[in-house]
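**Q** Single-letter residue listing:
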Amino acid sequence: MKKEELFARIEKAIIEGRKSEAEDLAREAVKAKLDLTEVIEKGYVPGIQKVGDLWEKGDYFLPELITSAECMKAAMAVLQPELDKAKIQTRSRGKLVIGTVEGDIHDIGKNLVASMLSANGFDVVDLGADVKLEKFIEKAEETKADFICLSALLTTTMLGQKKAIELLKQKNLCGKFKVLVGGAPANQKWADEIGADGYAENAMLAVKMVKRLMGA
Amino acid sequence: MIKTIRPKLELLSRRLIEKIIDEAYEILDKQGIFVENKEALKLFSQAGMKVDKKTHRVHLKRRLVEKCLATAPAVIKLYDRTGERDYTVGGDEVHFDPGSAAVTILDHKTGEERKPETKDLVDFSRLTECLDNIHFQSTGLISSDVPHPIADIYRLYIGLIYSRKPVVTGTFRVESFRPMKDLLAAVRGGNKELAAKPLAIFDACPSPPLKWSNLTTQSLIDAARAGLPSELISMGMTGATSLVTISGTLVQHVAENLCGVAIVQLAKKGAPVIFGGSPSSFDMRRGTTPMGAIETMMIDAGYAQIGKYLNLPTHAYMGLSDAKTNDAQAGLETGLGAVLGALAGVNVISGPGMLDFESCQSLEKLVIDDEICGMAYRLIAGIAQREDPIATDKFEGFTPETQFLSMPHTKKWYRMEHSYPLIADRDTYDAWVALGRKPIAERASEHVEKILRSNPPALVEKDVRNELTRILTAYAKDNGIASLPALP
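Top line first, the protein sequences correspond to chains A and B. Yeah, the first sequence ends on 1098 if you go by the working numbering, and it's all consecutive. Yeah, the second sequence ends on 473 if you go by the working numbering, and it's all consecutive.
Chain A with its partners taken away, still in its complex shape:
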């Protein structure tokens, strides 16, 4: 198979959300000893970008979005060890620590955002739900993250977003990480009020915002 044909098939597999095919094609690329960075940049990334376009056009809904994101993840799980073996640094677009704040077990929205960011080439450290505020900061420091993303579904737990920012201030870490907030009760006004760096209404807008904040 020609390189270009492989890239086209990869792109199609991602757009159509066919997981085993996305994995098989990754294995094929490894076997053919192709430049894996090129495979990612010319096959997988255009695929997920098209998925984003289809979403914006209103053709794709959440199930398609998530399925494609999971295909990306599966393919990357095949490619990453090979990249590591060859000591190739892929171009990370940025690192994020994400989680639902303490007292809140709702993680659907957070999972959507994490999947879409990860599919779009960001390093995502997902801490899960009901995460202690200190944990966000610890993990962000440990992994040298660019962003801390705080999700909350309840009006009571969204106060945790405010507290996390206060905690960062106390620790003099404010400029070090950009703080993003999201979840049903949050909005831009709330983000401004508590001094967050960004708010996005949905997973696709979150990807756009993070790209913008990274200057990408």
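Hints were generated in silico from the structure; no laboratory data involved. Every value quoted in this text rests on a predicted model; they were computed, and no experiment measured them. There may be inaccurate statements among the hints.
Below are the BS3-like pairs computed for lysine-lysine, each with C-alpha atoms no more than 30 Å apart in a straight line [to be verified]:
| no. | chain 1 | residue 1 | chain 2 | residue 2 |
| --- | --- | --- | --- | --- |
| 1 | B | 462 | A | 1071 |
| 2 | A | 1026 | A | 1093 |
| 3 | A | 1014 | B | 196 |
| 4 | A | 1045 | A | 977 |
| 5 | A | 913 | A | 924 |
| 6 | A | 1026 | A | 1014 |
| 7 | A | 955 | A | 1017 |
| 8 | A | 1014 | B | 104 |
| 9 | B | 462 | B | 104 |
| 10 | A | 1014 | B | 38 |
| 11 | A | 1045 | B | 309 |
| 12 | B | 104 | A | 1045 |
| 13 | A | 1044 | B | 104 |
| 14 | B | 39 | A | 1017 |
| 15 | A | 1053 | A | 977 |
| 16 | A | 1044 | B | 100 |
| 17 | A | 1045 | B | 100 |
Label pairs and their computed distance ranges (CB to CB) [said to hold, decoys possible]:
| no. | chain 1 | residue 1 | chain 2 | residue 2 | range |
| --- | --- | --- | --- | --- | --- |
| 18 | B | 3 | A | 894 | 41 to 49 Å |
| 19 | A | 941 | B | 3 | 53 to 61 Å |
| 20 | B | 447 | A | 1023 | 53 to 61 Å |
| 21 | A | 1087 | B | 7 | 38 to 46 Å |
We treat Cβ as the ideally placed atom computed from N, Cα and C, and that holds for glycine.
Once you have looked at the hints, place chain B on chain A.
**A** Coordinates of chain B only, in the frame set by chain A:
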């Protein structure tokens, strides 16, 4: 006289109902269900069920759940604050109550949602008290001017002072049940008296899929032992926290609710429990949970039919809207929900007043919805024969000059056969223009003000009020809260 038919909506065939129930039992047995409460796990263990204490997973056998269903009452009686008026929750009786636990109120003057305060809670209770088609009150607003640890008990406190109607409520914290029950007992004059004449329903929501949290399980156990009815509020979101098909979501709904029934009956045999819910169709575009979606209402009518099949009282979140203001969408979704819920014979229908996905209450919407509920009641009263003969005798001696308006027959029946709304616009175009072309929200707002102005608060007796205040203040103090907002 020919018997009047009570119009009824049934979406499921008997075969489909039985299949849904069978699959729910199979899941409860084979996959089990998570119950994150030690006491409940102990009850299940004692009843011979397989319990994994580490993962909190319990495998429920059909025979146990069926035994529990057999002891759960088919009909519950709820009593108002005076203890004199009772409401039957069961059969095809329908009672509307305002949608509960809103975190915002739509401020009519600014048109914006804002955080509710004590005065809003008082107005809300007083207004509910005056609306004839809203039979129960609900602790519908969360007051932002009291600290969070007492937010749940505070709204019950206000409701009990300002309205006589039975209350649909619930706990936010495990510790809150006790003081909330104490408030209710103070109104009745004792725990025994409260159990004999329940004044409140406690909502308890499982966390989909297939999990009962510690808080809500404890609420089921505590309410059962106090003789107070629990309302099981399963809330799968199609394709997000439950299967995407309506029938698939119903299987999970039934499984979660059956586990709730079992917890209640194991805690106290014969304790009242209502088969309810707040599921929704999940919007695959926006990730939201539209309560005004027709599919949401289909899930509601579906599980209500199953609840009836299981011989339990039923509840649903219907008659509410996802609109952000009192516009056409608000009326459309509320009207559909209230009418479908009433046709489905749902016993407790929570929703009136509510906007924005169960998050915002509006006083204006509440009075509009009261009128909608009135229409729903009229519909289910059906078409009656009324007289025998129906018409022939009235047409005796008929001429083109025959007057219907002045017939004694007209005067006798017109108020029973027809309703006359205060808010819906039935004016001619010219009259509407002359009255200032007011949109419905404007007319509703004037009506709200008129009701609050002309009806003195239905205050609880002084000594009971003092006792309620004593209980609340003591509980606040235990939580480190020294002062509470003054009541108007």
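**Q** With reference to the structure, classify each hint as holding or not holding.
**A** Cross-check of the supplied hints:
1. B:462 <-> A:1071: Violated, because 34 Å separates the two Cα atoms, which is more than 30 Å.
2. A:1026 <-> A:1093: holds, 18 Å
3. A:1014 <-> B:196: holds, 22 Å
4. A:1045 <-> A:977: holds, 22 Å
5. A:913 <-> A:924: Status holds; Cα separation ~17 Å.
6. A:1026 <-> A:1014: Given that 30 Å is the threshold and the Cα spacing comes to 18 Å, the pair holds.
7. A:955 <-> A:1017: holds, 25 Å
8. A:1014 <-> B:104: violated, 35 Å
9. B:462 <-> B:104: holds, 22 Å
10. A:1014 <-> B:38: Within the cut-off at roughly 25 Å; holds.
11. A:1045 <-> B:309: Holds. Residue 1045 of chain A to residue 309 of chain B sits at ~29 Å (cutoff 30 Å).
12. B:104 <-> A:1045: The given pair, whose Cα atoms are some 29 Å apart, holds under the 30 Å limit.
13. A:1044 <-> B:104: Distance ~27 Å between residue 1044 of chain A and residue 104 of chain B Cα, so the pair holds.
14. B:39 <-> A:1017: holds, 24 Å
15. A:1053 <-> A:977: Holds. Residue 1053 of chain A to residue 977 of chain A sits at ~21 Å (cutoff 30 Å).
16. A:1044 <-> B:100: holds, 17 Å
17. A:1045 <-> B:100: holds, 20 Å
18. B:3 <-> A:894: 41 to 49 Å: At roughly 45 Å between Cβ atoms, residue 894 of chain A and residue 3 of chain B fall inside 41 to 49 Å, so the hint holds.
19. A:941 <-> B:3: 53 to 61 Å: violated, 40 Å
20. B:447 <-> A:1023: 53 to 61 Å: holds, 59 Å
21. A:1087 <-> B:7: 38 to 46 Å: holds, 44 Å
Consistency note: the structure conflicts with the earlier hints numbered 1, 8 and 19.
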